[in-house]
Amino acid sequence: MPDLSYPLSRRALLARAAAAGLLVGPGAGILAACGKDDDPKPGASGSTPAAGSSSAAGSSSAAGSSSAAVSSSAATEAPAGGAGDNPFDVKEDAALDLVIFAGGYTDKYAKEVHEPLYKAKFAKAEIKHQATEEISTVVQPRFAAGDPPDFVNNSGAKSMDFGALVADNQLEDLTALWDAPSVDDPAKKVRDTVVPGTIDVGSFNGKPYVLYYVSTVFGLWYSGKLFKDNSWTPPTDWDSFIKVLDEMKAKKIIPYAYAGANAPYYQWNVILTHAAKIGGGDVLKNIDNLEDGAWTNDAVKQAATLWAEVGAKYMDKSHEGLKHTDVQLQQNQYKVGFYPSGDWLENEQKKDTPEGFEYQMIPVPAAAGGKMGAAGVRATAGEGYVVPAKAKNKAGGLEYMRQMLSKAGGEGFAKLIGSPTVVVGASDAVEFPPGVKSSQAALKAAGADVVNIFFDGWYKDLDTEARTATNDLMFGRIKADEFCSRIQKKADELKKDDAVVKFKR
Amino acid sequence: MRHRKYPFIAGFLVVPLTLYVVFVLYPYTRAFYISMTAWRGFDVAPKWIGFKNYERLWSNDDRFWQAVQHHGILLVTLPVITIVIALFFAFLLSVGGKSKSGDMAGVWGSKFYRVVFFLPQVLAVPIIAVLFQTVYRPNESGLINGVLMKLGFDPVFFMIKPHLALPSIIAVLVWVSVGFYVVLFTAGMGSIPQELYEAAELDGAGKFRLFFGVTLPLLRDTLQVAWVYLGIAAFDAFAIVNVLALSEGGPNGTTTVMAVEIFRAYGKNNFGYASALGVALFFMSITFAALTLRVTRREAIEY
Chain A
1 MPDLSYPLSR
11 RALLARAAAA
21 GLLVGPGAGI
31 LAACGKDDDP
41 KPGASGSTPA
51 AGSSSAAGSS
61 SAAGSSSAAV
71 SSSAATEAPA
81 GGAGDNPFDV
91 KEDAALDLVI
101 FAGGYTDKYA
111 KEVHEPLYKA
121 KFAKAEIKHQ
131 ATEEISTVVQ
141 PRFAAGDPPD
151 FVNNSGAKSM
161 DFGALVADNQ
171 LEDLTALWDA
181 PSVDDPAKKV
191 RDTVVPGTID
201 VGSFNGKPYV
211 LYYVSTVFGL
221 WYSGKLFKDN
231 SWTPPTDWDS
241 FIKVLDEMKA
251 KKIIPYAYAG
261 ANAPYYQWNV
271 ILTHAAKIGG
281 GDVLKNIDNL
291 EDGAWTNDAV
301 KQAATLWAEV
311 GAKYMDKSHE
321 GLKHTDVQLQ
331 QNQYKVGFYP
341 SGDWLENEQK
351 KDTPEGFEYQ
361 MIPVPAAAGG
371 KMGAAGVRAT
381 AGEGYVVPAK
391 AKNKAGGLEY
401 MRQMLSKAGG
411 EGFAKLIGSP
421 TVVVGASDAV
431 EFPPGVKSSQ
441 AALKAAGADV
451 VNIFFDGWYK
461 DLDTEARTAT
471 NDLMFGRIKA
481 DEFCSRIQKK
491 ADELKKDDAV
501 VKFKR
Chain B
1001 MRHRKYPFIA
1011 GFLVVPLTLY
1021 VVFVLYPYTR
1031 AFYISMTAWR
1041 GFDVAPKWIG
1051 FKNYERLWSN
1061 DDRFWQAVQH
1071 HGILLVTLPV
1081 ITIVIALFFA
1091 FLLSVGGKSK
1101 SGDMAGVWGS
1111 KFYRVVFFLP
1121 QVLAVPIIAV
1131 LFQTVYRPNE
1141 SGLINGVLMK
1151 LGFDPVFFMI
1161 KPHLALPSII
1171 AVLVWVSVGF
1181 YVVLFTAGMG
1191 SIPQELYEAA
1201 ELDGAGKFRL
1211 FFGVTLPLLR
1221 DTLQVAWVYL
1231 GIAAFDAFAI
1241 VNVLALSEGG
1251 PNGTTTVMAV
1261 EIFRAYGKNN
1271 FGYASALGVA
1281 LFFMSITFAA
1291 LTLRVTRREA
1301 IEY
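These protein sequence lines are chains A and B, in that order. For the first sequence, the working numbering gives the first residue as 1, with consecutive numbering after it. For the second sequence, the working numbering gives the first residue as 1001, with consecutive numbering after it.
It is worth saying that the hints were derived from the structure and are not from the lab. None of the values given here were measured: they were computed from a predicted structure. It cannot be assumed that every hint is accurate.
Under the rule of at most 25 angstroms between Cα atoms (straight-line distance), these lysine-lysine pairs were calculated in the PhoX-like manner [what the hints assert, rightly or not]:
#	chain 1	residue 1	chain 2	residue 2
1	A	Lys301	A	Lys128
2	B	Lys1161	A	Lys313
3	B	Lys1161	A	Lys390
4	A	Lys317	B	Lys1161
5	B	Lys1268	A	Lys496
6	B	Lys1150	A	Lys249
7	A	Lys228	A	Lys243
8	A	Lys490	B	Lys1150
9	A	Lys350	A	Lys323
10	B	Lys1052	A	Lys490
11	B	Lys1268	A	Lys504
12	B	Lys1150	A	Lys317
13	B	Lys1047	A	Lys323
14	A	Lys437	A	Lys285
15	A	Lys313	B	Lys1150
16	B	Lys1047	A	Lys390
17	B	Lys1047	A	Lys502
18	B	Lys1268	A	Lys502
19	A	Lys251	B	Lys1150
20	B	Lys1268	A	Lys285
21	A	Lys496	B	Lys1047
22	A	Lys489	B	Lys1052
23	A	Lys252	A	Lys317
24	A	Lys504	A	Lys479
25	A	Lys496	B	Lys1161
Computed spacing ranges between beta-carbons, pair by pair [said to hold, decoys possible]:
#	chain 1	residue 1	chain 2	residue 2	range
26	B	Lys1150	A	Arg477	49 to 57 angstroms
27	A	Asn169	B	Asn1060	21 to 29 angstroms
28	B	Arg1056	A	Gly206	23 to 31 angstroms
29	A	Lys351	B	Val1225	47 to 55 angstroms
30	B	Ser1141	A	Ser240	27 to 35 angstroms
31	B	Val1076	A	Gly293	42 to 50 angstroms
32	B	Lys1150	A	Gly356	30 to 38 angstroms
33	B	Val1156	A	Glu247	26 to 34 angstroms
34	B	Val1122	A	Ser240	17 to 25 angstroms
35	A	Gly356	B	Asn1060	31 to 39 angstroms
We put the beta carbon where it would ideally sit given N, CA and C, even for glycine.
Can you make the complete structure from the sequences, with help from the hints?
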């Protein structure tokens, strides 16, 4: 249960927060100067692949009409916010201190959708909104000083390590949130209003600490226009995939590409999803749980062998030195056929996508006869939000999350950003762009064949090794055997290391 | 009045000393302490683990040894290449031209070149790294590869090929540094009395003899300073590597340096280990500076 006592006066709270702000401000500027922002990975966790994908690109347009719609729905929400509907006993005049990651999703959705919802309920509460691209630079010192914000959107290349936060008991247990009555239907618990798996993704050793909010589907992306113009059919299995790659090659298009400089994990994601299709979802579970021989499993080896061939035959060697933005731009210029990514891609590339390009996604193709259907995908909830355990207005943070998970919150986000959230039914009325439409269709078609991968968020070193080995494999320096044994060696090392906190699923 | 001298001096020293203690000495000792702990940088007391971080660093961290090795390479190549090039340019700029009525002069247009060489020095280092991303870009939009590919050659994968990546980084570091040392050496050469050159010329010394017989010995102090500066620079290289190299000191750690490893450890919220790396780097730099100053100590030449 959250701690619901507030020994501090409002004035003292504000004074302290202001002092912290003063300290953080200049420091952030200095640190920002030495930061690097080219890791497209938004979070320390692979399960948060969305937002940070690009720092600049994104949903600068949109908004407009949708925000108006949201504020009207927020207004209708207000009457419900009576004394009865306050499961966390939020003090109505307690300030709420938010830090939002201004990455691919920008911080607009917080300002225009979720904060008005909160404000409608607690009109006297002052909302302190801080947006940054460098979460750890801004928030880490506040954690160290014991004065964390009430709500943090921990995402982006400079996000804080979730595993470390959990291991040091810095995060509030979200069980209270999931068990609270939902905003729209008090008879339903919040946990019953979200897509299945949402809570698990944000759980560490069975305890929920992180709210992952944005529904994310992974696959191979291509231009619908390019396929139509050449009358290619989207491949559904491995042979037809290779056939299309050959035809692309004949047209002098680079058939397959990923960015070796900073996004090789887009590709290990493909290899591992393929391995799951061959050997079943347990292949990935064993990898996450650091089981012996998980990486040297035959399914991983087979998948790595197949993709190494793709690397040798259908990729451009220069892509090893390019960043994700460069490669994605090349695809927008019709120079690249398939590109592996999650469905934040369409929103991220909005600015550079030519008219009629029409993003489309297929699941990672695999030959029939595997333990999982050909339509299987990796899907997860991305973009992590936490309430620090030592926050002054924890109840407010939890309530803010509850508002995000309301129908109005989910719908407002989906309209503004063009990505569906984990709130069930909240995006039914939203018209998504073609890419997200196709990825949502793929998710539906996958049915129960949905897998997810966690190890990269839990063990950063293992992710680094997998990235390096993936580049070596795809650009022809090692064979599948070495790929597997090399990452296995790192996994074994981690398993033996007492200093590393272990997680299981 | 003598007894008033000390309070007077102390009055001047209080402020800088306090600043020094608070912002230099305290963080240093604190880093030593944190390096002996397991700490993730939160509001939790660091856990004392003694020398465990150092044991791990010594026996179980390949990337640390890669970084040490790279510093070794940098320590030899960066000063040597930079000083040789800078000396050559500085000599041309100040003594390389025809001597007019006995006065030594630089080659034609030397004032212009002096500005050109110094230019990289006024750019921020990360900007230079971003610039060189474009210079080294592995496809037709790269500055070098664009030309190569137009001429029908295969592109050179500067940052991709493991054996090319570090030399490419060194080339950038040299490019950045040369300008400053050209100016430094030019100033040093300017303070060498003209009579010495005149005398040497009268004795029939050519440009080579002038350089090795007069310029070099009299520049000894300046060279020593340059060597120490460049040596210390060789222990840094963070910004260039972090921005220019693939995936944090990649490919495969072939360009990593200590500062990048420290940065990586912080990224993993492993503040204790990061501090241990920092302390290791501290001792490496101190040892280098002490050694250089000792080895190169010699009576200065009076002139």
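Tested hints:
1. Lys301/A with Lys128/A: 51 angstroms, violated
2. Lys1161/B with Lys313/A: 19 angstroms, holds
3. Lys1161/B with Lys390/A: 48 angstroms, violated
4. Lys317/A with Lys1161/B: 11 angstroms, holds
5. Lys1268/B with Lys496/A: Distance ~18 angstroms between Lys1268/B and Lys496/A Cα, so the pair holds.
6. Lys1150/B with Lys249/A: 22 angstroms, holds
7. Lys228/A with Lys243/A: 16 angstroms, holds
8. Lys490/A with Lys1150/B: 43 angstroms, violated
9. Lys350/A with Lys323/A: Within the cut-off at roughly 17 angstroms; holds.
10. Lys1052/B with Lys490/A: OK: Lys1052/B and Lys490/A at ~20 angstroms, within 25 angstroms.
11. Lys1268/B with Lys504/A: At roughly 19 angstroms apart (the allowed maximum being 25 angstroms), Lys504/A and Lys1268/B satisfy the hint.
12. Lys1150/B with Lys317/A: 18 angstroms, holds
13. Lys1047/B with Lys323/A: Outside the cut-off at roughly 39 angstroms; violated.
14. Lys437/A with Lys285/A: Violated, at about 29 angstroms.
15. Lys313/A with Lys1150/B: Measuring from Cα to Cα gives roughly 24 angstroms; hence the hint holds.
16. Lys1047/B with Lys390/A: 20 angstroms, holds
17. Lys1047/B with Lys502/A: 18 angstroms, holds
18. Lys1268/B with Lys502/A: Within the cut-off at roughly 14 angstroms; holds.
19. Lys251/A with Lys1150/B: Status holds; Cα separation ~21 angstroms.
20. Lys1268/B with Lys285/A: 23 angstroms, holds
21. Lys496/A with Lys1047/B: Distance ~20 angstroms between Lys496/A and Lys1047/B Cα, so the pair holds.
22. Lys489/A with Lys1052/B: 22 angstroms, holds
23. Lys252/A with Lys317/A: 15 angstroms, holds
24. Lys504/A with Lys479/A: 30 angstroms, violated
25. Lys496/A with Lys1161/B: 33 angstroms, violated
26. Lys1150/B with Arg477/A: 49 to 57 angstroms: 28 angstroms, violated
27. Asn169/A with Asn1060/B: 21 to 29 angstroms: For Asn169/A and Asn1060/B the Cβ distance comes to about 28 angstroms; the hint holds.
28. Arg1056/B with Gly206/A: 23 to 31 angstroms: 30 angstroms, holds
29. Lys351/A with Val1225/B: 47 to 55 angstroms: Distance hint for Lys351/A, Val1225/B holds at roughly 50 angstroms.
30. Ser1141/B with Ser240/A: 27 to 35 angstroms: Because 33 angstroms falls inside the window, the suggested range holds.
31. Val1076/B with Gly293/A: 42 to 50 angstroms: 44 angstroms, holds
32. Lys1150/B with Gly356/A: 30 to 38 angstroms: 32 angstroms, holds
33. Val1156/B with Glu247/A: 26 to 34 angstroms: 31 angstroms, holds
34. Val1122/B with Ser240/A: 17 to 25 angstroms: 57 angstroms, violated
35. Gly356/A with Asn1060/B: 31 to 39 angstroms: Given about 55 angstroms between the Cβ atoms, the range is violated.
In summary, the numbered hints that this structure violates are 1, 3, 8, 13, 14, 24, 25, 26, 34 and 35.
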